[in-house]
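Number of protein chains: 4
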Amino acid sequence: MVWCGSTEAHITAGKEHQTIEAFEKALKESSPNIAPSMIYTYAAIMEGVPYVNGAPNLSVELPCLIQLAEKRGVPIAGSDFKTGQTLMKTILAPGLKSRMLGISGWYSTNILGNRDGEVLQDPESFKSKEVSKLGVLESVLEPNRHPDLYGDLHHIVRINYYKPRGDNKEGWDNIDIFGWMGYPMQIKVNFLCRDSILAAPLVLDLAQFMDLAARSGFKGIQEWLGFYLKSPLVKQGLAPEHDLQVQKLKLENTLRYLGKEELINHLGLTYYGVDEADASRIGNE
Amino acid sequence: MVWCGSTEAHITAGKEHQTIEAFEKALKESSPNIAPSMIYTYAAIMEGVPYVNGAPNLSVELPCLIQLAEKRGVPIAGSDFKTGQTLMKTILAPGLKSRMLGISGWYSTNILGNRDGEVLQDPESFKSKEVSKLGVLESVLEPNRHPDLYGDLHHIVRINYYKPRGDNKEGWDNIDIFGWMGYPMQIKVNFLCRDSILAAPLVLDLAQFMDLAARSGFKGIQEWLGFYLKSPLVKQGLAPEHDLQVQKLKLENTLRYLGKEELINHLGLTYYGVDEADASRIGNE
Amino acid sequence: MVWCGSTEAHITAGKEHQTIEAFEKALKESSPNIAPSMIYTYAAIMEGVPYVNGAPNLSVELPCLIQLAEKRGVPIAGSDFKTGQTLMKTILAPGLKSRMLGISGWYSTNILGNRDGEVLQDPESFKSKEVSKLGVLESVLEPNRHPDLYGDLHHIVRINYYKPRGDNKEGWDNIDIFGWMGYPMQIKVNFLCRDSILAAPLVLDLAQFMDLAARSGFKGIQEWLGFYLKSPLVKQGLAPEHDLQVQKLKLENTLRYLGKEELINHLGLTYYGVDEADASRIGNE
Amino acid sequence: MVWCGSTEAHITAGKEHQTIEAFEKALKESSPNIAPSMIYTYAAIMEGVPYVNGAPNLSVELPCLIQLAEKRGVPIAGSDFKTGQTLMKTILAPGLKSRMLGISGWYSTNILGNRDGEVLQDPESFKSKEVSKLGVLESVLEPNRHPDLYGDLHHIVRINYYKPRGDNKEGWDNIDIFGWMGYPMQIKVNFLCRDSILAAPLVLDLAQFMDLAARSGFKGIQEWLGFYLKSPLVKQGLAPEHDLQVQKLKLENTLRYLGKEELINHLGLTYYGVDEADASRIGNE
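Residue numbers (this note's numbering), protein chains in the order written: chain A, 1 to 285; chain B, 1 to 285; chain C, 1 to 285; chain D, 1 to 285.
Chain A with its partners taken away, still in its complex shape (with noise of 0.2 Å):
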């Protein structure tokens, strides 16, 4: 099951989302913190059937669901599918980081015209939205480690309806970057897309993969699937992963595993007159 209903209204996790028994009481009692895509997330999981959360709002990302997936032996994940802009910000920001150019700012501005855009008008779903689309930066440029380069950059997401647009969706980016010396350069990206069509192959490739997990014995989070998603479900007290490359490596490596095959590293020291199997056995021994 992967759910591609609109974004729900914002609610945070509490007392009824931790425990499954919690969860059942506030269930039956109709309570308001039960969102409908929670009831569906139980359904799912009740069934043996792997779930995706494919929008924003908490639906499997409950404390109370994953454990009973990890219970039930279920494969989940989620949660909001990686499309437009956030696609291209982890495709961008790894790759100016991996040649350590700072950024001193990032804006992002987008446009759509259709109901997503009208309920995105709404400041408690665009907080939402906001907090999980400015997240992703921080986690692939890692201020921390290189304060220098990105920790003092300032970066804004706005998104506003408009009509002209229709089904279609423009982002339109400034990275401001620096170089040696400081040296002030300017990235600007403008991305006329259709949300709907870069999503629907998700939706096919994750039932597929939650297909496979189910029958590899993988339970509960699929983070090999972080690939597909803008902001992937992750144990307690681990990080996600954003750089899409290296969430494409681990699910490659990840169906290299399940089919037996040899996992890649990219080294390829026969270059230099190494013999490679010397390699391989560092870190194993």
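Some hints here could point you the wrong way.
Said to hold, decoys possible - Result set (DSS-like, lysine-lysine): computed pairs, CA atoms no more than 30 Å apart in a straight line: (1) D:K235 - D:K97; (2) D:K163 - C:K260; (3) A:K97 - A:K235; (4) A:K28 - A:K235; (5) C:K219 - C:K15; (6) A:K248 - A:K97; (7) A:K260 - B:K248; (8) D:K248 - D:K260; (9) C:K97 - D:K25; (10) A:K248 - B:K235; (11) C:K235 - C:K219; (12) B:K163 - B:K28; (13) D:K235 - C:K248; (14) C:K97 - D:K248; (15) B:K235 - B:K71; (16) B:K219 - A:K235; (17) B:K260 - A:K97; (18) C:K248 - D:K28; (19) C:K97 - A:K163; (20) C:K219 - C:K28; (21) C:K260 - D:K97; (22) C:K97 - D:K15; (23) C:K248 - D:K97; (24) D:K248 - C:K235; (25) B:K15 - B:K219; (26) D:K248 - C:K260; (27) A:K260 - B:K97; (28) B:K260 - A:K260; (29) A:K248 - B:K97; (30) B:K28 - A:K97; (31) B:K97 - D:K163; (32) A:K97 - B:K248; (33) D:K97 - C:K235; (34) D:K260 - D:K28; (35) C:K219 - C:K163; (36) C:K163 - A:K97; (37) D:K97 - D:K219; (38) A:K248 - B:K260; (39) B:K163 - D:K235.
FYI, nobody ran anything at the bench for these hints, they're computed from the structure.
Since the structure of chain A is provided, determine the placement of chains B, C and D on it from the hints.
Frame of chain A; chains B, C and D shown alone:
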């Protein structure tokens, strides 16, 4: 030694460049086919000094000099620093490909206002630059493996001398992509940068890593430094890797290998209750 | 005197601003409804010094001060220098309209990083700025006269404080236009500018032309200087002209009139064998 | 008759085009210097049908045919419909000039994917198009009168066939401007349009106005219709007007003259207590 000279006149590898004997003979006879940068390369290798070619013209990329470097155990690398638009291409193209987004066209135009720009007004100089720039995209996208997505890609690269830009450089890229059901979308990237600022740190990194390579006994072509180069020199018959993130992982894992640290493959199976040691045995058995 | 102060706190014209007696009484009582710029305006007019308001807040735009200026024969003008994005709008919109191209939407976003930007983060300050900026387009396009072309125009203006931009300002405009059969087309304008550089020459021009107005016996509102202003002050009941080229012709013909030169109407009938003197008689008879 | 054919092979006006006798002789001898469009023009004028050339090649722009049109009292106009990038240039450049903003460079690149684009890949065809496109800016900016502002303007126009664009056209313009103290600023314009949609209404307007011209007794070159044309045909020795808003005022005042209405000069002196009748007498005395 890191060659940072201006692009030299175009020379095609000929008889003088096949064996070291022929090269030395042509050198003594002051043959016009021996470019200044080749003399520097020869001198560097004979002195046991590692050599990197940061320009697009032939310098160390000659059969005779590659053999000489291997024979004398001297690390070499080339060619052409990867800085502005091509850097961006090897960041964006793998990202788009990782989501299997088709690309029907990529139009790149550059304006720059210094001597580099004036030199590239010359059709011959531009041709060699263009060939090198066009190759990157094909190598990353593999149209032979994905003809539906990249088999009909119209790729254009233009460079114009434009005086007001001075020492700065500006690129404008239009990328026509398509998603499910062939739905067309567009990405525009405007990059306002400065070549010298982007290139300088590469020179420092390459100087240090080439020294490390020499001290580590790595001989001949240093393919692991392709991360820094637009057209990485590889062994005859092999295809160069252009994907920036793959190049970075290769660089990092090579450093890990030299530091006797565990290589990274981003698997992380402990998540799903699998014994990670199982995974690392696969492929090594 | 040309007022170049920062935007003052928003004040709505009230009782104190209707007659000069009420204004002087409020002034003596240090009423909070008398802003600093109003005191300067009052002093200027009383001294017979022409006054221009370059800021968006109310200063000379009060019934009492307009009357005072007329009574004392002092030229006045305002308000808000027309420099960056609005300048561009009054260049582009008349051009598009002259070809009867429809406009379904105009999305304008601005980023600036100095105190002007911080002030406009305040919703109240932004509101007055937004109203002034939105009005320009409606005045130029006349949606009442062309409902099919401009009656359903979605116009959005956003201003964001963005630290890395510093004293510079950057605008990104997306304009959705449509031609025959409603065919949609798009224009994007990215303007990288600096307010102070664009505004400074306006101050000089206005100082000189206001002096000329005074010496020529022009009293009260100087509508011919609307060329320089975002929200030109006009006589009650009249609509301001925003089209930059019409404003320029008005400015130039006023100077021609003062210099006793022939006014220009760009007719040029001699072309077709018509006696030009015939034309100039029309409408004057 | 409004000529809308594709750009013909480039022909320079020669002996055959100087007198109507020479033209008719060459016509009978099927000279290769008589292009198809010239034959249509000749036929139209002989039949008393007004003729407009909407293409950049020589058609009515020949001494012999201009004389023939005058002799027979037939209105003619040309050449090349002003639609996309050049339309934008004649909107923007006058606007920037009206504020005396200097321009150090204007780089224009176009991508289009239909036969028009393929034809312009031919260096000869492109040359004539380029010359016509380059002239517009010089005519508007008058570098001879303003050498400090426009005397060192680097103007580049590039057109590229780019298959994915199909029947649509896309322009990207970079404009380097400078303000006080030579402070550099930049404007980028990205225009996504479609030539046929922009051109079609011009054909209709021209057909109607040429009919009006004929009925009003206007003979020969109709300079007042330059509003619609990239390279307006003018009497020998005169410079064409390219400023779109001046062209529009000329068009409108000509229509007012024909309708016996008062001409507009945007003076409006009643504002300052001046008798407007005084103004209209100036220059007419």
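Q) Of the numbered hints stated previously, which ones are contradicted by the structure, given in increasing order? A) Going through the list in order, the structure violates hints 2, 9, 12, 16, 18, 22, 30, 34, 35, 37, 39 and respects the others.
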